[in-house]
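Model the full assembly from the supplied sequences, consistent with the hints where possible.
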Amino acid sequence: MSVLLFTIIILLGAFLAGLLGSLTGLGGGVIIIPLLTLALGVDIHYAIGASIVSVIATSSGSAAAYVKEGITNIRIGMFLEIATTIGAVCGAIVAVYLNANYIAILFGCILIFSAIMTLKKKVDHTTLDNTDKWANFFKLNGSYPDKGIDHPYAVKHVPGGFLMMLFAGTLSGLLGIGSGALKVIAMDNIMRLPFKVSTTTSNFMMGVTAAASAVVYLHRGQIDPGIAMPVCVGVLTGATIGSKILLRAKTDKLKMIFAVVVVFLALQMIYKGISGL
Amino acid sequence: MSTIGKENLNDKDIQVILGTLLRAGVIISMSIVLIGGAIFLIHNSWTITDYKVFKPELSKFSSILAIFKGVSTFQGDAIVQFGILMLIFTPIARIVFAIFSFLIERDYLYVLIGFIILAIITISLNGGLAH
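Top line first, the protein sequences correspond to chains A and B.
Per the working numbering, the first sequence starts with residue 3, numbered consecutively.
Per the working numbering, the second sequence starts with residue 144, numbered consecutively.
Keep in mind the hints are simulated off the structure, nothing from the lab.
The beta carbon of each residue, even a glycine, is placed where N, CA and C say it ideally should be.
Certain hints may be false.
Quick partial rundown of chain A residues pointing at chain B, CB under 10 angstroms, derived from the structure [stated by the list, open to error]:
1) Ala66
2) Glu71
3) Gly228
4) Ala261
Cβ pair distances, simulated, as ranges [what the hints assert, rightly or not]:
5) Lys198(B) to Asn132(A): 51 to 61 angstroms
6) Ile118(A) to Ala181(B): 33 to 43 angstroms
7) Ser188(B) to Phe266(A): 27 to 37 angstroms
8) Thr163(B) to Leu256(A): 25 to 35 angstroms
In silico DSS-like links for lysine-lysine, alpha-carbon gap of 25 angstroms or less [as the list claims (entries may be wrong)]:
9) Lys135(A) to Lys70(A)
10) Lys149(A) to Lys123(A)
11) Lys274(A) to Lys198(B)
12) Lys135(A) to Lys246(A)
13) Lys123(A) to Lys70(A)
14) Lys149(A) to Lys246(A)
15) Lys155(B) to Lys198(A)
16) Lys122(A) to Lys198(A)
17) Lys149(A) to Lys155(B)
18) Lys123(A) to Lys257(A)
19) Lys122(A) to Lys70(A)
20) Lys70(A) to Lys149(A)
21) Lys198(A) to Lys274(A)
22) Lys155(B) to Lys274(A)
23) Lys155(B) to Lys70(A)
24) Lys155(B) to Lys141(A)
25) Lys123(A) to Lys274(A)
26) Lys255(A) to Lys123(A)
Shown next as structure tokens:
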């Protein structure tokens, strides 16, 4: 395939991935990797390197808006970044030595899990019980503005959330994705944060987490400009447009259809991985 | 009461600066990627690509030094890689800024946390360079 044709195909695919990823909340990375590996036969190591770059671009772009609104809890973000960056570096180092087929199988499993998570109805676990001694020591309790009113919240089970973030960071480094689904579990279900705070704070953390593993990938030659350029340009454009549409679109049906497509892609990746062993 | 008001204002300022920093980082680095991409495509459009097998030994720009050398001779793919490097450093710059702002707030616990994160990234940077 010529460079020009390859670039155009990836650009279009990445645009779609970014658009759908932001509309459904799955993220662009989890779609672009199956696209590159299954449809274009790109080695998963290159696909992961390109995807992690697009994760940095999209998360930094949207974090910029959220941070200005004051919803993001910067202390929680930075505290948990210790866990995610340690995990990300370890994951990225392991990924280099791991056979591409094992990565594909693991990726497929996480993809199915993420798809299920986007469909699950969210249950509000928020609490005002600010007695957690870790949360008080690290000053994690806070409040967020919504329609001019300040909503206070308290944080629980800090060590549990920290451990879950270590795991989320490892998967992010291993697979080149933002692993937003896992981060939200850690923050919503374990630490009891309000959705708005957890989604924006997880977004805020993604950039640093991805940068930590991207540094490792860059030195291992996994970030190839020929793939990374169309991927990050396409995903960022798609995600930016997606976030504009999101404000006025109903996404329930789209989420459903998309989850089915993603599970289908995931099964194909698992199948390909197993048959390649 | 007045000190609380002051602190809130401070927090708000920091949030606005942080947001602007992130946005500027993304816009600048993506512009560099686009310029590099255009130069790359002008020279290499009809070259045949193959990414079927991961060959790290063929990677031309896997160190910061190699990227700078490539940029100095206006190679398109090197400029793309430089833009990507800038993008990687955007969230890292955000940590550095956060350290400063917590220092101004005299929240030394979070200054320490910021340094821990920077240390982890620096260790991984050096670990990568060693290979």
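Hint check against the structure, violated hint numbers in rising order: Numbers 4, 9, 12, 13, 19, 21, 22, 25, in rising order.
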